[in-house]
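Following the hints, complete the assembly by docking chain U onto the known chain V.
The chain contents come next:
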Amino acid sequence: MVKPMSLSTVPPVATPPERNVYTVSRLNREVRLLLENGMPVVWLEGELSNFSAPASGHWYFSLKDREAQVRCAMFRLRNMGVGFTPKAGQHVLVRGRVTMYEARGDYQLIADHMEEAGIGALKREFERLKAKLAAEGLFALERKRALPRFPRRIGVITSPTGAAIRDILHILARRFPPAAVIIYPTPVQGAAAAPAIINALSLANARAECDVLVLARGGGSIEDLWAFNDERLARAIYASALPVVSGVGHEIDFTIADFVADARAPTPSGAAELVVPDRNACLDVLSRTADRLVVAMRREMRMFTSRFEAAALRLKLMHPGARLLQQEQRLDDLEQRLAMGIRRELRALTARFDAAALRLTLTSPEARLAQQRRRLEDLGQRLMGAMRGTLQKDHRRLSEVDARLIRHSPERRVRDLCLAHESLHTRLHHAWSSCLARAEHRLTLAVRSLHAMSPLATLDRGFAIVTRAADGALVTDVASVEVGDEIDARVARGTVRARVTAKHNERG
Amino acid sequence: MASDPQEPDFEQALAELEKLVERLERGDLPLDEALKAFERGVALTRHCQTALKSAQQKVEILLRKSGGQPELQTFTGADTEGPNGER
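As they're listed, the protein sequences go chains V and U.
Each number in the working numbering corresponds to the 1-based position in the first sequence with 278 added.
Each number in the working numbering corresponds to the 1-based position in the second sequence with 71 added.
It should be emphasised that the hints constitute simulated quantities derived from the structure, not laboratory data.
Since no wrong hints were added, every one of them can be taken at face value.
With a cut-off of at most 20 Å between alpha-carbon atoms, the simulated EDC-like pairs for lysine to aspartate or glutamate come out as follows:
#1 U/K124 - V/D569
#2 U/K107 - V/E718
#3 V/K594 - V/E689
#4 U/K129 - V/E487
#5 V/K410 - V/D508
#6 U/K129 - V/E551
#7 U/K90 - V/D562
#8 U/K129 - V/D489
#9 V/K342 - V/E394
#10 V/K401 - V/E323
#11 U/K124 - V/E551
#12 U/K129 - V/D556
#13 U/K107 - V/D569
#14 U/K90 - V/D569
#15 U/K124 - V/D562
#16 U/K124 - V/D556
Here chain U stands alone, though its shape is the one from the complex:
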């Protein structure tokens, strides 16, 4: 899975943040490292908050172009009932 800035890895960011907080709370870091950890934590928090607040849903659909390989295309929207009345 490509790491796309559009799709931040919250799992990883939260895990790192959790680790930073725990290291800081243990209180055995040299001052300079403690400050670095703190600043990294603030940056991560801010990044995640911004990503969560501003994210726009991105939807693609995998379609086969006349005989070729299937390709991802932007999905424009689900109309109501399908041709076969599928739901």
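Isolated chain V (complex conformation):
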């Protein structure tokens, strides 16, 4: 609303010369000239308020800080070059000249340049870098490395003084003390922080003495944490051979380092919890594994015993005595078949004889009958004689076979085998018994040593595990129960419920 200067229409009032009376217009004009000539071009940073953009296209607004404010104007031709739409509350940096709006007597800044200042610019830069690195694949899930389940050494890249390292060491000592810690000290704030952190990262990688790295810093403002939004740092984390876990303060949502790290936590403590397992969970796993060992070994012993018994039974079945019986049976069989064969032969011969005899009787004229009967009888005698001879020969053969069979009887061999078997069987039995006894002894010792490690074993020695009946919490301190509370005391073979009737504090 700067308007061309208009001359006052009121003529100066005649006054005594000693009084130099100004008109309002003149005062404002002279102050304006004073301001315009006396003030250089200024850069001014402040928070936008009372922003208005009327139809003329000009912008009118105030810039303020905590204690003061100043009116500003930015004309259309100038504000067309501003790459964002100003909003109330936004921090901006403007360049302009100081002047006076004479019509109101307000002094004001005529701005010719405006940019986002402070956090606004940082946030924009953050978004730009985030989009760029995401497009390059630095945040891709598939390239994130798995963290070791049980790190032996954990590298911590942070300031050696301050809350972050204290919190991390505290959590690591509580959860998993076997993991050693190496601190790679570095500033985590200020202009030198980003290069120093990159240096620590490459040092840790070159020394390769850790399984995992934690990059941490306590909470702070966006400016405090700015080192963790550094593009070079993001690339160094990406290039790290060791997996990196970020734990950078929680006052803003993310840093670029969080996106590129293999795992992120919102605090240094959270990062410490991510890199180690819980010791008690490990002990649980171990005792479950020990139980499985004992169960499997018991079953194994049972299985070996029953396998032995089955083997002993099979051996008994293969005893030579059993084989002898089989051979005897075979001999009987052979004899029987031989006798049957001879009997069949005899029957056939007899049949032929009877048939021949019949034919003889059928061709008998009375006269020759007697003579022929004699011949017949004679033939019959000879036939019988011959037959008898044949039969005797067959009997002899049968006897010979019999004698040969008896000579070759396996009986003696069977006796030898029997003796050898008995001795083997005895030796096997001895060997198995002593082997089993040794194994059982070793099993007992091993089970006992497992048992000795169990807290329950101490119950047998008169100790008790005391828990609060209300919530099952372990009572390790007199302060954790109150008179009147119910408690459970776990002793050998059971639990006793009791009520606290008195408390005695021990001093020491």
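Structure of chain U alone, referenced to chain V:
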């Protein structure tokens, strides 16, 4: 990474233990080997339990001694606020 008795390799110990239990549970080992596996399992369990229960946290810091190579030194403790108020 040096194998230091102070820093037992739980990953390896648990993996071995798991394998022993599985072999034993499969039930196809000769008796003597089964017993050996069992005893090795008990020893490993005991070793890990002892290490977990008795371990003390060991903290070192890598510091550069006036111009020389950086060296690991025992870390004595984090004081509260750093000189620059770093957290």
